[in-house]
Amino acid sequence: MKDERTGSDRTIVEGCINKDLICWDALISKYSRLIYISIEKRLKKYGFMLPPHDIEDIRQNVLAAIWKEGKLKNVSNRDDVSYWFSIVAGNAAMTYIRKPEIRNSNKLLSLDKRKDDKNAYDILASDTLGPDGHILRDELEEKIDKYIRGLSSNEKIIIKLTLFHEKKQHEIAEMTGLPEGTVSSCIKRVKDKLKGHLRDFK
Amino acid sequence: MTITGVKTRLHPSEAELSDYLSGALSGDDKKKLEDHISCCRECLTSMVSAYESVKELKKADADKKRKGQPMKKLNIYLILAIVSFILSFMVQRYFIQFLTATLLLGIKWVADAKSTKMLVMIYEAWKNGGEKEASRILKTLDQNPKNRL
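Sequences listed follow chains A and B, in order.
Residues 1 to 202 in the working numbering are what the first sequence lists, from first letter to last.
Residues 203 to 351 in the working numbering are what the second sequence lists, from first letter to last.
Bound conformation, chain B alone (with noise of 0.2 Å):
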């Protein structure tokens, strides 16, 4: 530590050097510590060094988790739909073409919805294994939080 701006030989211990960056020191021994590593160039490297790995850590860490979460897909048929909606208007001479081109998008979005997809599941197991194997595709379904709607 310190005294009045000497630097002695003692070093802060592991765990208040830790406390202090982990914002866990507080009042005298904060100041102590403060004193001391304002002058000491081992121990505010030591700081600076465990400050960084512990972000490239964090960091590290976040990108792993961000790329097992795919980006939800865009629905690119929706967006054309919009497109050629407004398209019909802008451009008057071909305004039945655009929307039909709109209905088109619009019906295979609605059909490529995943929504759409589980009904068409449970009316065809309806039409084929009545009640009971539609009430078993929803249980099915229901066990896995990700097909929920």
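Chain A on its own, in the form it takes in the complex (with noise of 0.2 Å):
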């Protein structure tokens, strides 16, 4: 039979958080392998990549560090832990390769040219997404930015998520919380906004 304390998400953490090891077990088997999806992904997403033994590595931090430290106390939607555990997992991957010994090592590979002549430090200090081919990108960050300044949050979120992180209009609605309809006419107007002005990068 089921046990009752491994059902939903909320037993689950607020049985973690009581240090109730069948929880644990239950929340380690579910959320283990997100975790090392997050960090991949994260990871992916600044241009670098980790041999598998080094993702291990952190997510073993990421939870060791959850039930050391009772980081579940901190989480108010009980209900569903999934987002939560996988920005955790995201941040802890952007501490690990931040460390000296891992930037200063020839572990952190760049996915876009593996021996980069740039430290991967140097990259992320300048806070530019990755070498060469991300640079170009976020010439094209600033450009958007200084157009889109006047414009209110949720549609410079909308603008952001469709140019940069080429989310669909379904996504950014599932995203945001905005209705689909309200997503698309914010970008059909601000794109025909945005077409002058960009004209130098097609």
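There's no promise every hint is true.
One side only, chain B facing chain A, incomplete, derived with CB under 7 Å [to be verified]: (1) Glu236; (2) Asp237; (3) Ser240; (4) Glu258.
Output of the computed footprint for chain A on chain B, the stretches with three or more beta carbons under 8 Å from beta carbons of chain A [said to hold, decoys possible]: (5) 212–220; (6) 223–230; (7) 246–252.
No lab work stands behind these hints: they were computed from the structure.
Keep in mind the model is a prediction, meaning the values are calculated, not measured.
Think of the CB as a built atom: it goes at the ideal place given N, C-alpha and C, for glycine as much as any other residue.
Hints given; two lone chains; assemble the complex.
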């Protein structure tokens, strides 16, 4: 029979806060894979990758920190903790690659150019998304930022998700909680406005 | 957070970002967070990355679940029987042949059906061991939900 303590996210999280080992096992089996995927994805977003055993190290560190530091107490929406785990794992990945021993080793590989002349830390410190190919994107982002300054926060988010993260309308609606129609009309309106300004980048 | 579009160094917490994604944030808190992520590339990237990871995992789980449940076997004999029956009217010259084929395929479909197989099993058990054996078979079948008719 299924243990009641390992049913919903809420019972698992609350069990883990109370240091219940059965709940902890349930949490690990439910979120271990998500943590791994999130680490890989976040690194990829910045144009980097790590060997599998390093990703495994980060995953272990994330889980250890959650258990030891009781990080789950900070989670307000305990009915769905998948996004929280993913964000925590992603942040842990970024912290890991900023460590001097990692940034000075050759473990950290650039996806664009595996043996890049630049040190990975220099790239991160300059807040670029990665080598060469991403620089143009930064310039473009700056230019777009200039033209969307007058827009509302929601409109800015919609445009950035469309242009820089290539998100579809239904995905943006899902992420922002806005109706798909609002997202669609916003994209059309702002894209028309931007068309003239961004001709150089076509 | 932001003050009139100017990005400050204070990033929202992991819990706030995840609440925003799961739709649990509302009112002023939501507005403040939107003001921040609209200007902070790092937070927006973190949010997008989390959204994509969760989506990827859900998709992988759904695929796994779908693969675990094999598609219901298409009953080829029934389809062929129907086709043959229709053809018997369309091709008058081979009416008898198609009708015979329809009959044979129909018998095969009936014999192949799970319910018929079970009936045969119960009949065999009744013939060999009487009512006691038949009820034992029925009980066994009833315990396994997959065998229910």
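Given hint B:Asp237 near chain A, where the shortest CB pair must fall under 7 Å = 5 Å, holds
With a C-beta cutoff of 8 Å, work out whether three or more residues of the segment 212–220 of chain B approach chain A closely enough for the coverage to hold.
-> Contact hint for the segment 212–220 of chain B vs chain A: holds, 5 residues under 8 Å.
Taking the least C-beta to C-beta distance, is B:Glu236 closer than 7 Å to chain A?
-> 4 Å, holds
Under 7 Å, Cβ to Cβ, is where B:Glu258 needs to be relative to chain A, so tell me if that hint holds or is violated.
-> 6 Å, holds
Counting residues of the segment 246–252 of chain B whose CB is closer than 8 Å to a CB in chain A, do you get three or more?
-> With 7 residues in contact (Cβ-Cβ under 8 Å with chain A), the coverage given for the segment 246–252 of chain B holds.
B:Ser240 as chain A interface residue, shortest Cβ-Cβ below 7 Å = Hint holds; B:Ser240 Cβ to chain A Cβ min 4 Å, cut 7 Å.
Examine the segment 223–230 of chain B for residues whose CB is less than 8 Å from any CB of chain A, and state whether their number is three or more.
-> Answer holds; 4 residues pass the 8 Å Cβ test.
Every hint, counting from the list given before, is met by this structure.
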